[in-house]
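Visitor: For the record, the sequence lines run as chains H and S. Using the working numbering, the first residue of the first sequence is number 18, and each one after it goes up by one. Using the working numbering, the first residue of the second sequence is number 18, and each one after it goes up by one.
None of these hints come from the bench; they were simulated from the model. These numbers were taken from a predicted model, which means no experiment stands behind them. Fair warning: there could be bad hints in the mix.
The list makes no distinction among identical chains, and a pair is therefore deemed to hold if it is satisfied within one copy or across any two copies.
[To be verified] Within a straight-line C-alpha distance of at most 25 Å, the following computed DMTMM-like cross-link-like pairs (lysine to aspartate or glutamate) qualify:
id, residue 1, residue 2
1, Lys267, Glu91
2, Lys70, Asp369
3, Lys294, Glu278
4, Lys163, Asp193
5, Lys300, Asp269
6, Lys267, Asp178
7, Lys57, Asp178
8, Lys198, Glu222
9, Lys141, Asp178
10, Lys241, Asp137
2 protein chains.
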Amino acid sequence: MSNRRDFFRYGAMAAGAIAIVPVLGSCDRQKKAGSAAGAKLSLTFYPYDLHLKHVFTLASGSRQTTPVMIVELEYDGVVGYGEASMPPYLGESQETAGKFLSGLNMSQFRDPFLMGDILDYVEKSAPGNYAAKASVDIALHDLTGKLMGQPWYKMWGYNPDHTPYTSFTIGIDTPDVVRQKVHEAEPYQVLKVKLGLDTDKEMIETIRSVSDKPICVDVNQGWKSREHALEMIHWLNERNVVFVEQPMSKTDLESHGWLTERSPLPIVADEALQTPKDLLGLKGYYSGINIKLMKCGGMRAAHAMMNTGRMMGMSVMMGCMTETSCAISAAAQLSPMVDFADLDGNLLIDNDIFDGVTVVGGKITLNDRPGIGVVKI
Amino acid sequence: MSNRRDFFRYGAMAAGAIAIVPVLGSCDRQKKAGSAAGAKLSLTFYPYDLHLKHVFTLASGSRQTTPVMIVELEYDGVVGYGEASMPPYLGESQETAGKFLSGLNMSQFRDPFLMGDILDYVEKSAPGNYAAKASVDIALHDLTGKLMGQPWYKMWGYNPDHTPYTSFTIGIDTPDVVRQKVHEAEPYQVLKVKLGLDTDKEMIETIRSVSDKPICVDVNQGWKSREHALEMIHWLNERNVVFVEQPMSKTDLESHGWLTERSPLPIVADEALQTPKDLLGLKGYYSGINIKLMKCGGMRAAHAMMNTGRMMGMSVMMGCMTETSCAISAAAQLSPMVDFADLDGNLLIDNDIFDGVTVVGGKITLNDRPGIGVVKI
Numbered sequence: 018m019s020n021r022r023d024f025f026r027y028g029a030m031a032a033g034a035i036a037i038v039p040v041l042g043s044c045d046r047q048k049k050a051g052s053a054a055g056a057k058l059s060l061t062f063y064p065y066d067l068h069l070k071h072v073f074t075l076a077s078g079s080r081q082t083t084p085v086m087i088v089e090l091e092y093d094g095v096v097g098y099g100e101a102s103m104p105p106y107l108g109e110s111q112e113t114a115g116k117f118l119s120g121l122n123m124s125q126f127r128d129p130f131l132m133g134d135i136l137d138y139v140e141k142s143a144p145g146n147y148a149a150k151a152s153v154d155i156a157l158h159d160l161t162g163k164l165m166g167q168p169w170y171k172m173w174g175y176n177p178d179h180t181p182y183t184s185f186t187i188g189i190d191t192p193d194v195v196r197q198k199v200h201e202a203e204p205y206q207v208l209k210v211k212l213g214l215d216t217d218k219e220m221i222e223t224i225r226s227v228s229d230k231p232i233c234v235d236v237n238q239g240w241k242s243r244e245h246a247l248e249m250i251h252w253l254n255e256r257n258v259v260f261v262e263q264p265m266s267k268t269d270l271e272s273h274g275w276l277t278e279r280s281p282l283p284i285v286a287d288e289a290l291q292t293p294k295d296l297l298g299l300k301g302y303y304s305g306i307n308i309k310l311m312k313c314g315g316m317r318a319a320h321a322m323m324n325t326g327r328m329m330g331m332s333v334m335m336g337c338m339t340e341t342s343c344a345i346s347a348a349a350q351l352s353p354m355v356d357f358a359d360l361d362g363n364l365l366i367d368n369d370i371f372d373g374v375t376v377v378g379g380k381i382t383l384n385d386r387p388g389i390g391v392v393k394i
Numbered sequence: 018m019s020n021r022r023d024f025f026r027y028g029a030m031a032a033g034a035i036a037i038v039p040v041l042g043s044c045d046r047q048k049k050a051g052s053a054a055g056a057k058l059s060l061t062f063y064p065y066d067l068h069l070k071h072v073f074t075l076a077s078g079s080r081q082t083t084p085v086m087i088v089e090l091e092y093d094g095v096v097g098y099g100e101a102s103m104p105p106y107l108g109e110s111q112e113t114a115g116k117f118l119s120g121l122n123m124s125q126f127r128d129p130f131l132m133g134d135i136l137d138y139v140e141k142s143a144p145g146n147y148a149a150k151a152s153v154d155i156a157l158h159d160l161t162g163k164l165m166g167q168p169w170y171k172m173w174g175y176n177p178d179h180t181p182y183t184s185f186t187i188g189i190d191t192p193d194v195v196r197q198k199v200h201e202a203e204p205y206q207v208l209k210v211k212l213g214l215d216t217d218k219e220m221i222e223t224i225r226s227v228s229d230k231p232i233c234v235d236v237n238q239g240w241k242s243r244e245h246a247l248e249m250i251h252w253l254n255e256r257n258v259v260f261v262e263q264p265m266s267k268t269d270l271e272s273h274g275w276l277t278e279r280s281p282l283p284i285v286a287d288e289a290l291q292t293p294k295d296l297l298g299l300k301g302y303y304s305g306i307n308i309k310l311m312k313c314g315g316m317r318a319a320h321a322m323m324n325t326g327r328m329m330g331m332s333v334m335m336g337c338m339t340e341t342s343c344a345i346s347a348a349a350q351l352s353p354m355v356d357f358a359d360l361d362g363n364l365l366i367d368n369d370i371f372d373g374v375t376v377v378g379g380k381i382t383l384n385d386r387p388g389i390g391v392v393k394i
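Okay, chain H solo, but in the shape it has when bound (with noise of 0.2 Å):
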């Protein structure tokens, strides 16, 4: 069967008389899709290490940096920029996504068009590294989109006043610091809190002694009991939350199918969720799908999980890491189209090197530069 649909697609089979396949000569093509004879893809990226205006806090440690990777991919004169984020409980670092971006042989493609080609080329060359597959699928798409002279939101349709608001991030921390951090917020309409320690209950009630805003609850895996899952929930429910991310181990399917069965909050699969292959199996187990840039491998992947999310009934959801506003800005232009974000991961640093896509009274507000809206400061 794929010997046939190699012949559908590619003439290799021989059954009949096959004629040699005249197409057009990929110079006119070139030219007139605005693309120029002997140019090539050239890709060159260096390390940056993110500074945190606060020390952020996990189960796996604090720390006060995120080391990213910035790539830039020139075509005829033309810089797309892109981002690789590697918080270091996840696997990848700037040494792998270095390695990795050193194995590319980029200069191969002499149309940055072909698209499709490049990024399977790119998602082939090595199993893993999704940071580093992303920092090259954004730097592509801000390519191609200043080559065509394009916001990618524009191109695919999405209207820029529906973008929404973004949620930010309330770091776990003392009461009194605590309510300085919401205070802080001000400008945020909607926050985010991580649970899952033995403080859940305190944190929300800091948070309502100060603040009615909605809030959103990423408990990373954390609790280890349905029923603690569920009564949390309805805790959390009668407070004014608005979802609740990866409650319990992404292992367990079955719990989180128990869990959306029962709650009445959104039950949105985030460590459960990593590329497309992933996606369907969710299916009955989640009602929502947390999607980041740094999981999936980039824009293209993140687009087709998004409208799969869709036709699956999912809310969806975009996440990010702690990233410049070059991989934010990326993120931004597919947000009209998603039921919550969380993309305040460049609000959180204070050495970022692009001028993006902003927080204008807590909405996420698109601009008209071509490709993914960034400039380098």
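Fit chain S to the given chain H structure using the hints.
Guide: The following block gives chain S in isolation, referenced to the frame of chain H:
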């Protein structure tokens, strides 16, 4: 929950003080986006009857014409073309399409790039009417592609060299006429036949007496028992058949699952699949899907279904009705990503009014024109 979702999306829920959100002035945006101040969408349409080169025979009767509706969507002096094709047995007609299109208020839209909003409006304006809806979707894609100066296959990142061969339909007839038709099909590398009658084996044997080209089989729900279907499939598999489309009733999911489990050939859903909402339910019952613009409502839905079909591990086929080169060229924009194509609708008529994609050596051949790549003859 839907209220909370709406809050995220449009800031409608009062929880915490909500700032007035200043967004980019629409004039500024429109100007940069290539739109024109004061311009609006204008829709016109007229009926046209396609004349078939050969009388077309189905179980339901014979005919030599297919009614279509040609649509023109104008914006700021640029015209996008669309088409609805309405074979009578599918329930739409020039009358129903005219009524549907007359009911649309397209001039409310002043920015053609808000494709998501516009096509959501078209979709929701009435149930059914998928060919009529497809005509607007195609015209809008043609229009926006022209305004951006790009063909859609390029914006989607598809390699125009990866277009498939199209199959060419050999109508059921007497052995002498069938042999004659096979000779006339010399430019095409793949043949397609409709089975499901008492003459199935005779038809295949007649073709095989003069050609060993691969054959695609469309049963149109014609086989009544799964055992007979499986026996026929094995017989066909020995005669270089590529796949079998809709062997049994579209309502009999279970028999198709039984066949898919046992069949050496892909079992492709056609009548069982209309719109995106049907797709996920086919998992495990079919191994392939036949997507047609006139069934699903246009290029946007078709593209999303293709991505999801891929995630489901399905073979993806693109089909058509009898159509001018307008709707065929629209479908062809997506064809580099399909496994099988049956895009011969324009080849079967002798009064085409568009020049668009061509078939060269049996292979679909895209051009560099923007939008869907057509000019009116």
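Visitor: Evaluate each hint against the coordinates.
Guide: Verification of the hints:
1. When the C-alpha separation of lysine 267 and glutamate 91 is checked against a cutoff of 25 Å, the pair qualifies neither within a copy, at 39 Å, nor between copies, at 51 Å.
2. In the homo-oligomer, the alpha carbons of lysine 70 and aspartate 369 lie at most 25 Å apart inside one protomer (11 Å), although the nearest pairing across protomers, at 65 Å, exceeds that limit.
3. Taking the shortest Cα distances, lysine 294 and glutamate 278 sit within 25 Å of each other both inside one copy (24 Å) and across copies (22 Å).
4. Taking identical chains as interchangeable, the C-alpha atoms of lysine 163 and aspartate 193 are never at most 25 Å apart, the minima being 47 Å within one chain and 58 Å between chains.
5. Taking the shortest alpha-carbon separations for lysine 300 and aspartate 269, both the intra-copy value of 14 Å and the inter-copy value of 23 Å come in at or below 25 Å.
6. Taking the shortest Cα distances, lysine 267 and aspartate 178 never come within 25 Å of each other, neither inside one copy (34 Å) nor across copies (41 Å).
7. In this homomeric assembly, lysine 57 and aspartate 178 come within 25 Å of each other (Cα to Cα) only across copies, at 18 Å, whereas the closest approach inside a single copy is 36 Å.
8. Taking CA atoms no more than 25 Å apart as the test, lysine 198 paired with glutamate 222 passes inside one copy only; the shortest distance there is 14 Å, against 78 Å between copies.
9. For the homomeric pair lysine 141 and aspartate 178, the shortest alpha-carbon distance between copies (20 Å) is at most 25 Å, but the shortest distance inside one copy (37 Å) is not.
10. For a Cα distance limit of 25 Å, the shortest separation of lysine 241 from aspartate 137 qualifies neither inside one copy, at 39 Å, nor across copies, at 42 Å.
When each numbered hint is compared with the structure, violations occur for hints 1, 4, 6 and 10.
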